[in-house]
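Trainee: Residue strings, one per chain:
Protein chains: 2
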Amino acid sequence: MNALRPLCAALLLFAVTPVFAAEEAATVLVIHGGAGLQREGTSQADEAALRAAITQALRKGHAELAAGKPALDAVTAAITVLENDPLFNAGKGAVFTHDGRNELDASLMDGATRMAGAVAGVHHVKNPILLAREVMQHSPHVMMAGDGAETFAKEQGVELVDPSYFRTERRWQQLQRALKEDAAGQAHAEPEVAKHFGTVGALALDREGHLAAGTSTGGMTDKRYGRIGDSPVIGAGTYANGQCAVSGTGWGEFYLRVSAAHEICARMAYLKETPAQAGAAVINEEIPGMGGDGGAIVLSASGQVAMPFNTEGMARGWIGADGVPHVALYSDEPLALPGEATTAP
Amino acid sequence: MNALRPLCAALLLFAVTPVFAAEEAATVLVIHGGAGLQREGTSQADEAALRAAITQALRKGHAELAAGKPALDAVTAAITVLENDPLFNAGKGAVFTHDGRNELDASLMDGATRMAGAVAGVHHVKNPILLAREVMQHSPHVMMAGDGAETFAKEQGVELVDPSYFRTERRWQQLQRALKEDAAGQAHAEPEVAKHFGTVGALALDREGHLAAGTSTGGMTDKRYGRIGDSPVIGAGTYANGQCAVSGTGWGEFYLRVSAAHEICARMAYLKETPAQAGAAVINEEIPGMGGDGGAIVLSASGQVAMPFNTEGMARGWIGADGVPHVALYSDEPLALPGEATTAP
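Chains as they are written, first to last, in this note's numbering: chain A, 1 to 345; chain B, 1001 to 1345.
Since the hints were made in silico from the structure, they are not lab data. Yeah, the Cβ is synthetic: ideal placement off N, Cα and C, and Gly gets one too. You may find that some hints are simply not true.
As the list claims (entries may be wrong) - Straight-line distance between alpha carbons at most 27 Å, and here's what the computed BS3-like set of lysine-lysine pairs gives:
1. A:180 with B:1180
2. A:272 with A:180
3. B:1060 with B:1126
4. B:1126 with A:272
5. B:1069 with A:154
6. A:154 with A:180
7. A:126 with A:69
8. B:1180 with B:1154
9. B:1272 with B:1180
Claimed, not checked - If you want the ones that stay clear, here's a sample from chain A, every Cβ over 10 Å from chain B, calculated:
10. 49
11. 86
12. 114
13. 120
14. 123
15. 124
16. 226
17. 262
18. 285
19. 335
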């Protein structure tokens, strides 16, 4: 027996020493700024501003990852940039409800623990994604709505603003057109997806190999009846676990009906599909097959990225460990994904 | 060519005549009345009343199926019975929020079309499941919350009641105990799952072979901050598609974090698991592994039923085409499922 001891000790040492202990995961951050982007009505100045905003959000999130912070920090940092930018339908610049209010939704999920937080229908919270994070980390709950969520925000010291903070003239005019069409009994001239344009989302893979996902939105122009879309619903607009992170953007009712974000992760887990395969199956086949549209971003724990969408444009980008941002707006724009060479479409 | 015509006609006739045209699916209705049931504190009279209520709901839903009505009608009929019964934490008899209100949630999904409707945080709607159905059938939305949902209810002529209608002395005393514990800074003596006791749900398979699922709840005793649990969330508390229908009952935060209802359906679709296998994987392994508890009912398009739960009791039952109700309350009670002989546990 004694003769075996050194051998056993050596074997044990080998067993408990991870072979790749020193190897850290290559970080990735992926962002979308909504799938309703259309060339018509989008000026070159708008396009430049969108690219600049996505780039800034990518750099902000990347800085967190590069500093060794968790994926959750990168996701909230990136989404906060987009919420503060009036270009996007999230935070400042959100669309207006039928009643002329800005009503905000957001959700966040940590893949490693599957802890999640979500808020729906808040009117005074400057950065809904930060409130979603408070719900996740400082309440026993996953989802809070309306006045109750705002009471919680106050108790947690989350920054509150006067509702006028969220107002932009562009969104106000968008509502006025929709209301006129309502009054005339006309169908809205704006396609459904354009009414959702600008929902923002981010996914991150940190050095530990952990994933996180988040989504923030003002919902749809002219929405009524306390409508809740997919963005604040864990499993529909946002999902993350150990292998997969997803944030959706599109006609939310369809995302709810197919549990879009969770469905993409389930296909990856059980059918062994890649992010590109699972994303295409749900976003480019299942949802359009039912009459819906939109897009999503998908990130795997091995750093594979997919950005499927079935609309003319989706503001989007990613940034790897090298800190070089990659940004695109339209479907016919080349955008190489991690590990790919850039090719013309 | 002419000589081939009769042959072609015969082949065509054969091709368009379904071989089993005359065969209708054997209908099934499955019900739960919550997974928090405990022997301690449940009198024999309570037990008898619970069994009678589940039996009545089964018969009511079965009558719809026997009359050739769609699964959706059977689900709403059964859930309406349970909402109207003060024994269950849904409709009349709902638990109280921290602020002393009854706040109701419900959702409904049609498997054949994957149309869905859900309402969260309503205070005046007598039968929230009927409002969920209106949302599904008469709005472009899937989910509505709070005052907006009540405005929609009024417009649709859904029955509204004074909030005092929902009040029961038993639930009021339950809140008073929880508030005293809050004030004393004590943990609640009542286990978490008991605070959710009585969420109701129903699944049906109709003659056409179509499935539907629905869930209704008052949420959790002493809930705050406009908390939304899993019951009104499509994919978490309720899901139905062409192959699978699920309604959950338990500690809702965990059901949200694993997209429980959709996860069970995904496992059945992609891993080819039976309802019993998929239900056990999510309800008896995944959720308890994360620290949660509860139960679910699962029904497949071939009429297979599972009723997994990891608590002492879950009021539950099913009724097949023969119209004989099968009801059980506790985990150690024998309850044969369709096609099985009754055996002692």
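Trainee: For each hint, tell me whether it holds in the structure or not.
Mentor: Hints, one by one, checked against the model:
With a C-alpha separation of about 53 Å, the suggested pairing of residue 180 (chain A) with residue 1180 (chain B) is violated against the 27 Å cut-off. Between the alpha carbons of residue 272 (chain A) and residue 180 (chain A) the distance comes to roughly 49 Å, so the proposed pair goes past 27 Å and is violated. For a cut-off of 27 Å, the pair hint linking residue 1060 (chain B) to residue 1126 (chain B) stands: about 18 Å separates their Cα positions. Proximity of residue 1126 (chain B) to residue 272 (chain A) is assessed by CA-CA distance (about 46 Å); at most 27 Å being required, the pair is judged violated.
The suggested pairing of residue 1069 (chain B) with residue 154 (chain A) is violated, with an alpha-carbon distance near 49 Å, which exceeds 27 Å. Straight-line distance between C-alpha atoms of residue 154 (chain A) and residue 180 (chain A) comes to about 37 Å, which puts the hinted pair past the 27 Å bound. Taking the CA atoms of residue 126 (chain A) and residue 69 (chain A), the gap is about 23 Å. The hint holds against a cut of 27 Å. Pair hint residue 1180 (chain B) plus residue 1154 (chain B) does not hold up; C-alpha atoms about 37 Å apart against a cutoff of 27 Å.
Distance hint between residue 1272 (chain B) and residue 1180 (chain B) is unfulfilled; the C-alpha atoms sit about 49 Å from each other, more than 27 Å. At the 10 Å boundary, the C-beta of residue 49 (chain A) stays outside the reach of chain B, the nearest C-beta of that chain being 31 Å off. Remark: the non-interface label on residue 86 (chain A) is consistent with the geometry, its nearest Cβ contact in chain B lying 25 Å away (cut-off 10 Å). Here residue 114 (chain A) does not stay apart from chain B, with its beta-carbon only about 5 Å from theirs, under the 10 Å limit.
For residue 120 (chain A), the shortest C-beta to C-beta distance to chain B comes to about 6 Å, within the 10 Å cut-off, and the non-interface label is violated. Remark: the non-interface label on residue 123 (chain A) is consistent with the geometry, its nearest Cβ contact in chain B lying 12 Å away (cut-off 10 Å). Distance to chain B confirms residue 124 (chain A) as a non-interface residue, since its nearest Cβ pair spans about 14 Å, more than 10 Å. Here residue 226 (chain A) does not stay apart from chain B, with its beta-carbon only about 3 Å from theirs, under the 10 Å limit.
Listed as outside the interface, residue 262 (chain A) is inconsistent with that label: its C-beta sits roughly 4 Å from the nearest C-beta of chain B, within the 10 Å cut-off. Every C-beta of chain B lies more than 10 Å from that of residue 285 (chain A), the closest at about 14 Å, which supports listing it as non-interface. At roughly 30 Å, the least C-beta separation between residue 335 (chain A) and chain B is larger than 10 Å, which holds for a residue marked as non-interface.
In this structure, the hints that do not hold are numbers 1, 2, 4, 5, 6, 8, 9, 12, 13, 16 and 17, in rising order.
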